[in-house]
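Undergrad: Given chain X's structure and the hints, the job is docking chain S onto it.
2 protein chains.
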Amino acid sequence: MSDALSLPPVGGVVTQATIDAYAELSGDFNPLHVDPEAAAASEFGGTIAHGPIALQALFRTLTEGLGVEALPPGTQIAVTYRAPVRPGDVVTAHAAEPLARDGGELTFEAACVNQDATQVLSARVTLPG
Amino acid sequence: MSDALSLPPVGGVVTQATIDAYAELSGDFNPLHVDPEAAAASEFGGTIAHGPIALQALFRTLTEGLGVEALPPGTQIAVTYRAPVRPGDVVTAHAAEPLARDGGELTFEAACVNQDATQVLSARVTLPG
Chain X
0 MSDALSLPPV GGVVTQATID AYAELSGDFN PLHVDPEAAA ASEFGGTIAH
50 GPIALQALFR TLTEGLGVEA LPPGTQIAVT YRAPVRPGDV VTAHAAEPLA
100 RDGGELTFEA ACVNQDATQV LSARVTLPG
Chain S
0 MSDALSLPPV GGVVTQATID AYAELSGDFN PLHVDPEAAA ASEFGGTIAH
50 GPIALQALFR TLTEGLGVEA LPPGTQIAVT YRAPVRPGDV VTAHAAEPLA
100 RDGGELTFEA ACVNQDATQV LSARVTLPG
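Chains X and S are the protein sequences, given in the same order. Okay, so the first sequence: first residue is 0 according to numbering that gives the first Met the number 0, each after it adds one. Okay, so the second sequence: first residue is 0 according to numbering that gives the first Met the number 0, each after it adds one.
Bound-form chain X, shown alone:
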């Protein structure tokens, strides 16, 4: 892990196919995620992504930025979900320079935003030392 951390934004489009594939692997087939007609009648007005999907860009920017294959055990991620992710949204994660470096621990503020610059989630990430 380099001292001069630079975490380039990483993002991608979330499609209904992404959501349907996630439903298959997680077993969560709530109509709000997979049934466009039922979801259109809900308060959200259409399907939305499962919560873990909104995190995928954050995990990618952290692992790619840190040059690691996976976040190590002991990693803490405090997420606040702020807005739904909808099919067609391009979700990009941004991570700031580390806030604190305490005995080897690194703490970052991060966020995932959509193509309208709306935060879909904010997060504070602490990596163990």
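Label pairs and their in silico Cβ distance ranges: (1) X:Gly102 x S:Ala16: 38 to 48 Å; (2) X:Pro30 x S:Pro127: 19 to 29 Å; (3) S:Ser41 x X:Glu36: 44 to 54 Å; (4) X:Ala77 x S:Gly128: 13 to 23 Å; (5) S:Ala22 x X:Pro7: 17 to 27 Å; (6) S:Phe28 x X:Val89: 11 to 21 Å; (7) X:Pro7 x S:Pro30: 16 to 26 Å; (8) X:Pro30 x S:Ser41: 37 to 47 Å; (9) X:Gly128 x S:Ser41: 17 to 27 Å; (10) X:Glu36 x S:Ala77: 32 to 42 Å.
The hints are simulated quantities; they were obtained by calculation from the structure and are not laboratory data. Just so you know, even glycine gets a beta-carbon here, dropped at the ideal spot from N, CA and C.
TA: Then chain S, alone, in the frame of chain X:
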């Protein structure tokens, strides 16, 4: 949302097919997740699941237990990753009775454990009022 919350454990098996499908939808093809031979030579000794996969049981026990289709915007989840999830693991989420009910907010302690009763993650979840 009922006053007498009861959040039955929800879980399922995570297979290499689950991990491969998640790699496709997230674009995260790190060998530690998708290349059993390369992963066998790593410190983990085999492939491990992406971080968001370990959360799927938690999301399901919360939504199924609360009788909602999705967690609402404003939901906060503070996760500590404690051990990797490996192909074949059965990951089950448990959520305790609410810790605090503050102006309609609900806070739960929760954890996902594997078939050996090892915590793969612990979490504190706060739902907005």
